[in-house]
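Asker: Each of the two chains sits in its own frame; use the hints to bring them together as a complex.
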Amino acid sequence: MAKVYGAVTIDSRRCKGCELCVVACPCDVLQLQPKEVNDRGYHFAYASKPEACIGCAACATVCPDACIEVYRVVDRGN
Amino acid sequence: MKPEDIIRPENKVYARPELLTDRDTHYCPGCSHGVVHRLVAELLAEMGLADKTIGIAPVGCAVFAYNYINVDWIEAAHGRAPALATAASRLNPDRMVFTYQGDGDLAAIGTAETIHACNRGENITIIFINNAIYGMTGGQMAPTTLLGMKTATTPYGRTAELNGYPLAITNLLAQLDGTCYVTRQAVHTPAAVRKAKGAIKKAFENTLGKRGTSVVEIVATCNSGWKLTPAQSNEWMAEHMFAKYPLGDLKNE
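Residue numbers (this note's numbering), protein chains in the order written: chain A, 197 to 274; chain B, 60 to 312.
Pulled out of the complex, with its shape left as it was, chain B reads as follows (with noise of 0.2 Å):
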């Protein structure tokens, strides 16, 4: 068969999703923001939420967010994304509201804001990207680098002497009353991303059913930050992030 036969809009199977702009992602090539966009695009449109969704978006590399996924968003000062995404939802509540959060910004500056929304069960989906370092501002050490994990501010290796020990903040989310559905997904391999995709759906249901707070976070990689190529990254993930942040549901209720 020609690929003329082949290639016609009845016999299409994936295309790009309608919801993510015509704009070209600043994100570095490889990058795991880029999947995850893609994801939240296409079920957004195929949940029917295009006009009845806000987003919050964060600082860091994702602080765009609004420029490449075509709804409603709000930018948050520095880790504050799920207060704005508190008021956001109570003022609006036929809204489904989510927040699109990094490590640094999530872990790190808004942890008071991230644990009381969701101690409070707050109606809001949360998407934690962790990659385990600042990527945006040249890849320092975030709270939740591994130990031994060599970045721009531990140039010898993260020691829990001098930095501390790696934060499993979702863990710690797991554990409130007012999360409903956390989880820990990844999006290295095809089958990774189908299961991350389904884990978006239930969490952006479970704020639409009004039952409580849902934290996905996704393992991610920093090919740039990490000073590996794409592939690579992949693959170092898979084989040192995971034993530190495994994969799998913490909470499903």
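Only chain A is shown next, with the shape it has when bound in the complex (with noise of 0.2 Å):
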């Protein structure tokens, strides 16, 4: 069966940490950085379980700022 992997990038300077994508992920990927801030005070999404990712793009379609790029890859074992 084929596999599918996928990666997400954040702008983190851009983003707000408003935690709608936290929200959207269907695979528990992102989470808010729990400590550290962007130049803005706020506290960013980061990919927590970056191997998780299936490339769904779902953070991206409800992120206000447009920060999330999404990458996928189709393995399909040939």
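Any given hint might turn out to be false.
To be verified - Pairs of lysine-lysine, DSSO-like flavour, derived with a Cα cap of 30 Å:
id	chain 1	residue 1	chain 2	residue 2
1	B	254	A	231
2	B	254	A	245
3	A	199	B	61
To be verified - Stretch-level coverage of chain A by chain B, calculated; a stretch enters the list once three of its residues show a Cβ under 8 Å from a Cβ in chain B:
id	segment
4	208-217
5	238-251
6	265-273
For the record, the hints were derived by calculation from the structure and aren't laboratory data. Quick reminder that beta carbons are idealized off the backbone N, C-alpha and C, glycines included.
Answerer: See below:
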């Protein structure tokens, strides 16, 4: 069966830490930084479990600041 | 598979829309405006309308929309976006003209302009962001505020005796002969965002095809005004707002 690998890159400078991507992710890949903040003082989102990402782009679809880019590779095993 | 093998240009499935400017939005974290701006920017690029579009910016939180989407814009006086859009579309029939308005702008001070532009069947798209509150000025009651909803000017909740009833203006607009497409959408889940994008696309196509006025209401959140987190706002909206403002097409001709 084909296996899907995904990855996200998050513009941490632009992220406002609204947490909507964390809620939208079906695989619990994303979290907000518990302590670290960006220049504007927001706890920005990061991929805490990047290996679980399937590249579905649900996070990017709900991001109000368009700071998430999504990559996907479908490995069909050949 | 390692992240560096996945994060390559050929594997990119979602990128920041090229029509969004590099400027950071002034919106609060989690504001629905950002999502709708993104959808508009995506659609204008996908439909090849970047050089053919005139947007009319409102007064309200979205007053600086012209800073964020890289197309031609005109800034209207409060509530007068449909009147300005009428002029822009009649004088430039080859352009796709849309307004982007909030509920205080469209449903309060701009009621007359909105209703008459829709009644004349102007070839424009009206994108109406309904978050049931005046966000920019500090969370005062709007015409669309729900009964019982607490705002800065209804601290004990809106009552019908004192404040009248919430105004579902989109339902009124659907009754007018000039409108060809009236729909109500939301952007609180990935599925809803995709549906909303389809609705805005249809509205833009109607405007290009000169079929009359298209109105896309987006039931939205104002987490700062509602005093909730963005995620809680989405839940509150699904629980309370959709009862008064149910999603779906009201008119599709």
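Asker: A separate judgement is required for each hint: does it hold in the structure or not?
Answerer: Outcome of the hint check:
1. 254(B) with 231(A): Roughly 36 Å between the alpha carbons, so the hint for residue 254(B) and residue 231(A) is violated.
2. 254(B) with 245(A): 29 Å, holds
3. 199(A) with 61(B): Since the Cα atoms of residue 199(A) and residue 61(B) sit roughly 14 Å apart, the hinted pair holds (cutoff 30 Å).
4. 208-217: Result for this restraint: holds, n = 6.
5. 238-251: holds (count 3)
6. 265-273: holds (count 6)
Hint 1 alone, counting from the list given before, is not met by this structure.
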